[in-house]
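Could you slot chain W onto chain U? The hints should help.
Each protein sequence line maps, in turn, to chains U and W. Mapping of the first sequence onto the numbering used here: position 50 corresponds to residue 50, and the numbering continues sequentially without gaps. If you count the second sequence from 1, you need to add 143 to reach the numbering used here.
If you are wondering where the hints come from, they were derived from the structure by calculation, not from laboratory data. Where a beta carbon is used, it is the ideal one built from N, C-alpha and C, also for glycine. Possibly wrong hints are sitting among the right ones.
Claimed, not checked - Ranges of calculated distance between the beta carbons of each label pair, as one might list FRET restraints:
no. : chain 1 : residue 1 : chain 2 : residue 2 : range
1   : U       : V135      : W       : L165      : 31 to 41 Å
2   : U       : L91       : W       : L185      : 38 to 48 Å
3   : U       : A48       : W       : H287      : 38 to 48 Å
4   : U       : P42       : W       : V285      : 35 to 45 Å
5   : W       : D181      : U       : L53       : 28 to 38 Å
6   : W       : E145      : U       : T141      : 22 to 32 Å
7   : W       : E200      : U       : V135      : 40 to 50 Å
8   : U       : A48       : W       : G187      : 12 to 22 Å
9   : W       : E200      : U       : L84       : 35 to 45 Å
10  : U       : S2        : W       : K183      : 50 to 60 Å
11  : W       : D195      : U       : L84       : 42 to 52 Å
12  : W       : E200      : U       : Q71       : 45 to 55 Å
13  : W       : N147      : U       : T141      : 47 to 57 Å
14  : W       : L278      : U       : E70       : 35 to 45 Å
As the list claims (entries may be wrong) - Pulled from the structure, derived: some chain W residues nowhere near chain U, Cβ distances all over 12 Å:
no. : residue
15  : T146
16  : T155
17  : V162
18  : P173
19  : A178
20  : I180
21  : Q202
22  : N209
23  : V217
24  : F218
25  : V221
26  : L245
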Amino acid sequence: MSGSLLAPGAVLALWTLIMFGWVAATRFPALAKAGIDLKKAPPGGRGADLEGLLPRETNWKSHNYTHLLEQPTIFYAVIVFLHLSGGNTELTRSLAWAYVALRIVHSVWQATVNRIPVRFALFLLSTLCLLALSVLAVIATLG
Amino acid sequence: METNAILGPVATLALWSMVMWLWMYATRIPAMQRAKIDAKNLVGTTGRGLDDVLPAEVQWKAHNYNHLMEQPTVFYAVALALAIGGMGGGLNAQIAWAYVGLRILHSIIQATVNRVMWRFGIFALASLALIALCLHAFIGFVLH
Numbered sequence: 001m002s003g004s005l006l007a008p009g010a011v012l013a014l015w016t017l018i019m020f021g022w023v024a025a026t027r028f029p030a031l032a033k034a035g036i037d038l039k040k041a042p043p044g045g046r047g048a049d050l051e052g053l054l055p056r057e058t059n060w061k062s063h064n065y066t067h068l069l070e071q072p073t074i075f076y077a078v079i080v081f082l083h084l085s086g087g088n089t090e091l092t093r094s095l096a097w098a099y100v101a102l103r104i105v106h107s108v109w110q111a112t113v114n115r116i117p118v119r120f121a122l123f124l125l126s127t128l129c130l131l132a133l134s135v136l137a138v139i140a141t142l143g
Numbered sequence: 144m145e146t147n148a149i150l151g152p153v154a155t156l157a158l159w160s161m162v163m164w165l166w167m168y169a170t171r172i173p174a175m176q177r178a179k180i181d182a183k184n185l186v187g188t189t190g191r192g193l194d195d196v197l198p199a200e201v202q203w204k205a206h207n208y209n210h211l212m213e214q215p216t217v218f219y220a221v222a223l224a225l226a227i228g229g230m231g232g233g234l235n236a237q238i239a240w241a242y243v244g245l246r247i248l249h250s251i252i253q254a255t256v257n258r259v260m261w262r263f264g265i266f267a268l269a270s271l272a273l274i275a276l277c278l279h280a281f282i283g284f285v286l287h
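Extracted from the complex, chain U is given alone in its bound form:
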């Protein structure tokens, strides 16, 4: 396994696009089943307009893809800060890998079963990892 702190970032970026593939792979069949012809769709339609039109389980994949473009953007910034300021340690690498692993489990959960208490617990745990990384990044950059 790589000793780079950037490796978990690369994995999460790739995972985000795998979720994008999952969105596309489920959305198009669902659109066809719902009798929605994109070629005749009014201009300006967006994914968010499909709430209530497609089955909930289909939109869950999209909810998670969007979710991956929210908090993880801070994660990318923080690991780059740590990498550039000598903060690549066993501890920060472990926290970063834990964050990425928890986010992948969170994705699979939100895209499939999606019971809220479990999703929330996964999100909370991953956020705690990010919180610790953020504190370490402040220490590494100020110090």
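Okay, now just chain W, sitting in the frame of chain U:
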């Protein structure tokens, strides 16, 4: 430095996002005046609420500005990682330029004609470019 060539498309897309920000307000503020919305008395509303009151064409600029704050954040992260890892030159820089060119085209389509299939086609192509960059980062940082 050659391995930093990828920072060119990074800077370009960041600047383009600001151009879309300008386009959004250059059309939104006149449209709010036409719709007789008194911004001085608004409390707690967000841009999303304007979907119900402003013309769709005006909101399309905002939709695209928001869109530029989504997937490109992964692009910035991966491009910076590649540059730091000495992989930001050559083919990766060219793929990054392709991503940025496609995103600019995507912006113009969404802000003007906004035909969904055209928009989706360009977005899919841009995403393929980003997938290639992600794979290169994965190979470089995880497998090596």
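Results of checking the hints against the structure:
1. Taken as a hint, the range 31 to 41 Å holds for the pair V135 (chain U) and L165 (chain W), whose Cβ atoms sit roughly 37 Å apart.
2. A C-beta distance of roughly 46 Å is found between L91 (chain U) and L185 (chain W), which places it inside the suggested range of 38 to 48 Å.
3. Distance hint for A48 (chain U) and H287 (chain W): a CB-CB separation of about 39 Å, consistent with the stated range 38 to 48 Å.
4. For the hinted restraint 35 to 45 Å between P42 (chain U) and V285 (chain W), the CB-CB distance of approximately 43 Å keeps it satisfied.
5. Roughly 35 Å separates the CB atoms of D181 (chain W) and L53 (chain U), a value that falls within the hinted 28 to 38 Å.
6. In this structure, E145 (chain W) and T141 (chain U) meet the distance hint of 22 to 32 Å, their C-beta atoms being roughly 28 Å apart.
7. With their beta carbons about 45 Å apart, E200 (chain W) and V135 (chain U) fall inside the hinted range of 40 to 50 Å.
8. About 21 Å separates the C-beta atoms of A48 (chain U) and G187 (chain W), a value consistent with the hinted range of 12 to 22 Å.
9. In this structure the supplied range 35 to 45 Å holds for E200 (chain W) paired with L84 (chain U), their Cβ-Cβ distance being about 42 Å.
10. Checked against the hint of 50 to 60 Å, the C-beta distance between S2 (chain U) and K183 (chain W) comes to roughly 55 Å, which is consistent with it.
11. With their beta carbons about 44 Å apart, D195 (chain W) and L84 (chain U) fall inside the hinted range of 42 to 52 Å.
12. Look at E200 (chain W) against Q71 (chain U): about 32 Å separates their beta carbons, and that is not inside 45 to 55 Å.
13. Evaluation of the 47 to 57 Å hint for N147 (chain W) and T141 (chain U) yields a failure: the beta carbon distance comes to about 21 Å.
14. Here the CB-CB span from L278 (chain W) to E70 (chain U) is close to 23 Å, at odds with the stated 35 to 45 Å.
15. For T146 (chain W), the shortest C-beta to C-beta distance to chain U comes to about 14 Å, beyond the 12 Å cut-off, and the non-interface label holds.
16. Even its closest Cβ contact with chain U, about 19 Å, leaves T155 (chain W) beyond 12 Å, as expected for a residue assigned away from the interface.
17. The claim that V162 (chain W) lies off the interface holds: its Cβ sits roughly 20 Å from the closest Cβ of chain U, which is beyond the 12 Å cut-off.
18. With 12 Å as the threshold on Cβ separation, the claim that P173 (chain W) sits away from chain U holds: the shortest Cβ distance comes to roughly 19 Å.
19. The beta carbon of A178 (chain W) sits about 18 Å from the closest Cβ of chain U, which is more than 12 Å, so the claim that it is off the interface holds.
20. Against chain U, the non-interface label of I180 (chain W) holds: every CB pair exceeds 12 Å, the least being about 21 Å.
21. Interface exclusion of Q202 (chain W) from chain U breaks down, the closest Cβ pair being 8 Å apart, not more than 12 Å.
22. With a least CB separation of 10 Å from chain U, N209 (chain W) falls inside the 12 Å interface cut-off, contrary to its annotation.
23. A cut-off of 12 Å between C-beta atoms contradicts the statement that V217 (chain W) is not in contact with chain U; the least separation is 5 Å.
24. Remark: the non-interface label on F218 (chain W) conflicts with the geometry, its nearest Cβ contact in chain U lying 9 Å away (cut-off 12 Å).
25. Here V221 (chain W) does not stay apart from chain U, with its beta-carbon only about 5 Å from theirs, under the 12 Å limit.
26. Non-interface status of L245 (chain W) relative to chain U is upheld: no Cβ of that chain comes within 12 Å, the nearest being about 15 Å off.
The structure fails hints 12, 13, 14, 21, 22, 23, 24 and 25 (numbered hints given earlier, in ascending order).
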